[in-house]
Amino acid sequence: MAGRKPKVVGFCCERHGMDAAVLSARSGKEFDASVRLVQVPCTGRVDGMHILKALEDGADCVFVLGCLEKNCYYDTGSIEGRKRVEYVKQMLSEVGVEKERVEMFNSASTNAWMFPEIVSKMVALAKKLGPIGGEKQ
Amino acid sequence: MKAASIQVILCKCCTELPAVLNIERLRKLAEESCNVVSVMMVDAICDGKGLPAVVNNAKEAEVDRAVILACHKKDIDPALFKAYRRAGINEFMIEIVNIREEALLPHASEPERAQLKAETMLAASLARARLLAPLEKQTEAMKTKNVVIIGAGASGQAAAHAAAKTGAHTILIEKTGKSLKAPGIVMPHSQVVGAKGYGGNYQLTIKAGDKIENLDAAAVVIATGGGWTQLKGPLAKAVKDAMPLYKLHEHLQAGSVPKGPVVFVDTPDPTGKTMKVQDYAWDDTLETALQLKRKARETQVFVIFQEMRAFGLSELAYKEAADLGIKFVRYDKSAVPKIDPKEPTNLIVKDFAQGDVLSIKIGTLVFSSIPANQDNQAIADALRIPMSVDGGVRRGSIQRWPVTTPRPGIFVCGSALFPKSNEVAKAEGEAAGSMAGEFVAKGEIEFGGSVAQVTQEKCSACLTCIRTCPYEAPFIGTASKAEIKEQLCQGCGMCVGICPSKAIELHHYTDDQIMAQARELLGGDF
Amino acid sequence: MKAGSNLEKVFESGKFAVTAEIGPPQSANPEPLTHHAKMMKGSADAFNLTDNQTAVVRLSSIASAVIIMREGIEPVIQMTCRDRNRIALQSDLFGAAALGIKNVLCLTGDHQIFGNEKPAKNVFDFDSIVELQVFDQLRREGRQVGGEVVKDPPRTYLGCAENPFATPYEYRVSRLAKKVAAGADFCQTQAIFDMVMFEKFMDEVRSRGLDKKIHILAGVIPMKSAGAARYMKNKVPGMIVPNEIVDRMKNAKDPKEEGIKLCIEQIEHLKTVKGVHGVHIMAVAWEEIVPKIVEMAGLLPRPTFQ
Amino acid sequence: MIVAKRKPLNEIAEMVAPYKRVSVIGCRSCVAICLAGGEKEVKMLVSALKVKNKKEGRDQEFEALVVERQCEKEWVKEVEDKVLGSDITLSMACSLGAQTIGDMYPSHVTFPGLNTGIFGVPEEQGVWSEKCVGCGNCIIHTTGGICPISRCAKSMLNGPCGGSANRKCEVNLDTDCAWSAIYDRLKIQNRLELIEKVTPAKDWSTSHAGGRRTYVREDAKLTPHQKKGKEAIQ
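Line by line, the protein sequences give chains A, B, C and D. Heads up: the first sequence runs through residues 0 to 136, numbered per numbering that gives the first Met the number 0. Heads up: the second sequence runs through residues 0 to 525, numbered per numbering that gives the first Met the number 0. Heads up: the third sequence runs through residues 0 to 305, numbered per numbering that gives the first Met the number 0. Heads up: the fourth sequence runs through residues 0 to 233, numbered per numbering that gives the first Met the number 0.
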């Protein structure tokens with residue numbers, strides 16, 4: 000299936016994460032349309048289950064985008080988010096799925112260039128790795 | 000349960016949306032979707048003109064929720080939610096979809112993909128909207144109109160004046176016994192040692208002299224300021240007679256000029272990890288360097304820094320500095336300035352911009368910075384607010400709320416955040432004081448809405464939520480199960496994400512809502 | 000005389016005793032044991048055979064003892080609690096005594112994590128002090144720990160080990176006192192490099208009168224290189240090697256010679272410490288150096304008894 | 000409480016691979032609290048296994064369930080239909096839960112999803128340390144309230160051994176030496192005389208060494224008459 004487009008899900012915190020995405024769009028930056036954003040109040044809200052479920056439901060890659068750890072709106076939220084992502088990565092490596100498919104990022108809301116970089120990194124990875132279990136769905 | 004009946008609003012964003020997307024296709028998709036009873040197009044939801052028609056339409060169609068394809072939710076006028084409320088639609092039943100910044104703008108060069116993505120986003124938000132539930136916020140009256148200001152320095156006094164203007168009772172808590180004039184009450188020799196409660200109704204424990212007193216506070220302003228320091232690290236060993244900026248300032252005022260060349264460094268500890276370049280350093284370093292150079296043209300002046308940040312119009316000083324021949328050398332953290340091993344009176348700096356390694360003879364070394372107040376940690380602990388790595392108080396958001404903390408009702412200003420000049424500190428004090436005053440003027444606190452809730456039957460009382468929450472909202476209730484104190488809950492959902500028994504749900508961001516949206520988004524092929 | 004071993008006789012005669020360590024081979028070949036026995040014969044009063052030291056599987060200490068006895072030298076066998084419960088320990092004590100082994104050193108034993116059979120299940124039914132107490136009761140009263148009366152109890156000279164350099168330091172002498180109370184006749188110490196600390200330990204030993212109740216063999220290790228010194232300093236828990244010693248080894252032209260010299264100096268020093276009744280030389284993987292050290296330390300000839 | 004941790008997922012996947020319908024049952028007691036087998040872990044495990052199957056093209060059905068206390072028959076009974084309706088049950092409780100299901104439904108295959116480890120104390124969030132081995136004869140009143148059987152690598156009764164350096168255990172340098180801790184505790188309690196005397200050989204017959212143990216509380220046991228009444232009601 001040559002025409003298959005990658006599918007990337009991004010769980011973005013309502014604070015710096017989503018603001019960084021919005022700012023980059025407003026600054027005229029383009030990024031790949033493959034990314035699907037799901038807003039959560041804080042990356043600490045992200046449950047490993049959400050990430051795994053997204054992979055189950057057809058995501059090639061999932062990223063979580065939160066505030067900078069030293070400047071998280073909810074104090075320790077993005078640290079919690081990182082730990083959740085790390086645990087999912089561990090689970091994925093245990094089941095033999097590329098753990099790089101899941102990644103945590105942090106960005107300041109004032110940073111307009113970071114979000115497109117995250118998207119292009121994850122989309123490139125999704126293209127490289129292809130869908131989980133090959134192209135049949 | 001009654002089936003959802005959804006109103007879909009398509010905002011054209013003036014002409015932006017139709018320029019890229021096929022709005023008719025979106026309309027058709029919306030109309031054909033389950034539970035959608037009404038679809039409306041508006042020119043621009045943000046100008047408020049279309050609002051009455053939208054709300055009337057919602058009433059007529061008897062919808063109980065709405066999905067609005069527009070832009071960033073934070074930029075939607077609160078009037079929209081108020082108007083819907085009048086029409087009997089709860090604000091938590093309104094789903095704003097950011098079609099503009101998530102599909103329209105970033106994918107404008109691929110209109111077909113943008114279109115498919117927008118359609119998928121519509122489907123996903125409908126899926127999420129079907130799972131929404133109305134949430135009522137509650138209120139609690141504030142017991143007092145007290146705004147307690149900790150620290151009676153420049154920012155604290157400014158805060159007191161500003162807060163008093165709004166009609167709040169101000170109480171200034173000052174550690175020292177210095178006499179000052181400020182509105183309201185001044186408590187000298189006092190410190191905050193403990194706090195209970197939440198924004199609107201705090202109970203502070205104050206140590207006044209030897210006595211411990213309780214003080215109700217509706218809002219608190221932290222204005223603890225900063226203090227001076229000595230040169231630190233390897234430079235301190237090598238340079239014995241370095242002086243802090245304010246000393247040099249005093250010398251200049253008294254008419255004496257220090258031995259040249261004069262080298263200004265931006266921090267008392269270039270090798271240190273916690274000290275960062277401060278506003279203070281910049282405004283006042285520049286100003287002092289200029290004063291020096293104006294007075295003694297022949298004296299060589301170097302300013303060595305990592306990051307330059309002059310406040311507002313102070314930036315104009317760069318030009319004069321350049322004209323007068325002040326040399327600026329930017330260094331990088333990886334190559335901090337150090338004493339020349341061959342020539343102990345010289346400082347070696349690698350110019351980050353040019354790549355040259357300079358050896359500058361030191362006549363006088365002047366360092367500038369104020370470390371955070373040592374009391375900040377104790378106050379942050381008492382009020383349970385986060386600290387920054389520099390030892391300052393952490394603020395809510397640098398753009399949106401520069402003088403708030405993540406805890407409602409607690410404001411912060413001046414050098415308590417990080418060292419800064421008197422003028423900036425005063426301006427921040429005013430801002431924090433009036434915000435605190437306005438907060439208190441409301442007379443009641445609003446809480447609830449998107450907060451966490453425990454399903455007690457599932458709770459294992461494992462204490463994980465209690466240990467994880469930064470706001471101390473979860474507690475073990477009388478049934479020996481976890482409960483959430485809604486007034487304290489900030490709705491971050493950290494407890495929800497970590498609960499091993501899945502006994503906690505965050506209203507408005509439930510697992511089902513999050514996963515339904517993600518699933519639907521993955522359904523689209525674009 | 001409790002057991003009538005050569006070691007016991009040396010101690011009783013008041014002479015300064017010398018023992019040396021022999022590590023049994025990691026195989027079924029008795030040859031290395033015979034070789035070491037022949038080489039070291041006459042250099043020490045008894046030879047200590049380790050019991051699967053550092054939990055590395057080796058030829059058993061009892062069998063090793065029998066092999067070196069054939070060469071006419073006296074063994075001290077180590078018996079650890081790691082691999083044997085009370086049934087096996089008492090049984091082995093009977094067996095050792097029946098084979099003519101008179102000296103037994105009671106040890107808790109190194110944990111298997113350090114050895115070459117890490118997944119092993121350990122026993123630790125006893126610790127060294129309980130082992131001493133049970134063995135002492137067996138030889139004195141002819142009664143097993145379970146109460147069974149033994150007709151021909153073993154006559155064994157009982158030893159223990161103590162490390163003055165393990166924490167809590169202030170408790171180490173008390174622990175030695177417990178071993179004395181449990182029935183230990185002699186004690187081998189951990190290798191001593193920090194003489195100041197050891198002397199402090201011995202001061203307390205003497206002030207509690209323990210030097211009158213137990214014969215202390217001070218442990219010494221001749222080092223071949225600075226690396227060995229550093230290893231012991233940094234990697235062996237409960238071992239203290241002062242920096243001067245590491246530096247001395249590092250700066251030496253001929254580290255081996257320096258190691259020998261240092262060891263001899265240490266023995267000379269230990270001879271002067273009141274309450275020390277002998278030395279135990281642990282020349283791990285350098286057994287051939289023992290005769291030279293003993294000779295150069297002026298400890299030859301070793302006494303003989305009829 | 001009992002502290003367990005999840006088996007590596009590849010090991011679990013291999014165990015359940017031959018079966019089509021898998022019921023995964025967690026427990027809301029100890030293993031939920033130690034973050035190993037509560038509802039969250041069960042759901043994540045199922046999801047991870049589904050991702051694996053997706054990758055490998057295997058078709059398996061999973062049902063995520065959780066009971067209040069899997070070591071008790073009455074609670075397990077609540078999910079009986081689901082257990083028996085599956086080809087295999089993966090227990091995400093401690094071994095006691097897995098064995099309860101196994102004993103209740105002998106012809107149904109039940110596998111352990113967790114490795115049951117220790118009787119542990121949560122030292123801080125995410126850290127549990129062993130402080131009891133269930134020897135059946137507690138002596139901590141003589142050791143300053145610190146159990147040497149579980150907290151000393153060699154279960155010494157007269158410690159510390161010669162490997163105690165800086166009050167740490169030689170077996171794991173991050174672990175405090177139990178006997179150094181006992182010494183310190185008794186010292187502040189002014190009860191050092193307790194470890195001046197030799198503690199004699201321990202009677203291990205009350206531990207697992209004495210054979211499988213059953214604790215009975217006679218007055219709490221139901222009489223045959225009472226049991227009969229219960230059965231009649233059910």
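Since the hints were derived computationally from the structure, they do not count as laboratory data. Ideal Cβ placement from N, Cα and C applies to all residues, glycine included. Watch out, some of these pointers could steer you wrong.
Stated by the list, open to error - Okay, the calculated beta carbon distance ranges per label pair: (1) C:Phe93 / D:Arg211: 55 to 61 Å; (2) C:Ile288 / B:Gly232: 19 to 25 Å; (3) D:Gln225 / B:Lys484: 43 to 49 Å; (4) D:Asp218 / C:Leu98: 54 to 60 Å; (5) A:Glu29 / B:Ala352: 44 to 50 Å; (6) D:Pro223 / B:Gly476: 57 to 63 Å; (7) B:Gly522 / D:Gln225: 22 to 28 Å; (8) B:His188 / D:Leu193: 49 to 55 Å.
So, going through the hints one by one against the coordinates:
Checked against the given bound of 55 to 61 Å, the beta carbons of phenylalanine 93 of chain C and arginine 211 of chain D, roughly 32 Å apart, lie outside it. Taken as a hint, the range 19 to 25 Å is violated for the pair isoleucine 288 of chain C and glycine 232 of chain B, whose Cβ atoms sit roughly 50 Å apart. About 45 Å separates the C-beta atoms of glutamine 225 of chain D and lysine 484 of chain B, a value consistent with the hinted range of 43 to 49 Å. Judged by the Cβ atoms, the range 54 to 60 Å given for aspartate 218 of chain D and leucine 98 of chain C holds: they are separated by roughly 57 Å.
The hinted window of 44 to 50 Å between glutamate 29 of chain A and alanine 352 of chain B is violated, with their beta carbons roughly 31 Å apart. For the pair proline 223 of chain D and glycine 476 of chain B, the beta carbons lie near 42 Å from each other, so the given range of 57 to 63 Å is not met. The hinted window of 22 to 28 Å between glycine 522 of chain B and glutamine 225 of chain D is violated, with their beta carbons roughly 58 Å apart. A beta carbon spacing of about 50 Å between histidine 188 of chain B and leucine 193 of chain D agrees with the range 49 to 55 Å that was offered as a hint.
Comparing the model with each earlier hint shows violations of hints 1, 2, 5, 6 and 7; every other hint is respected.
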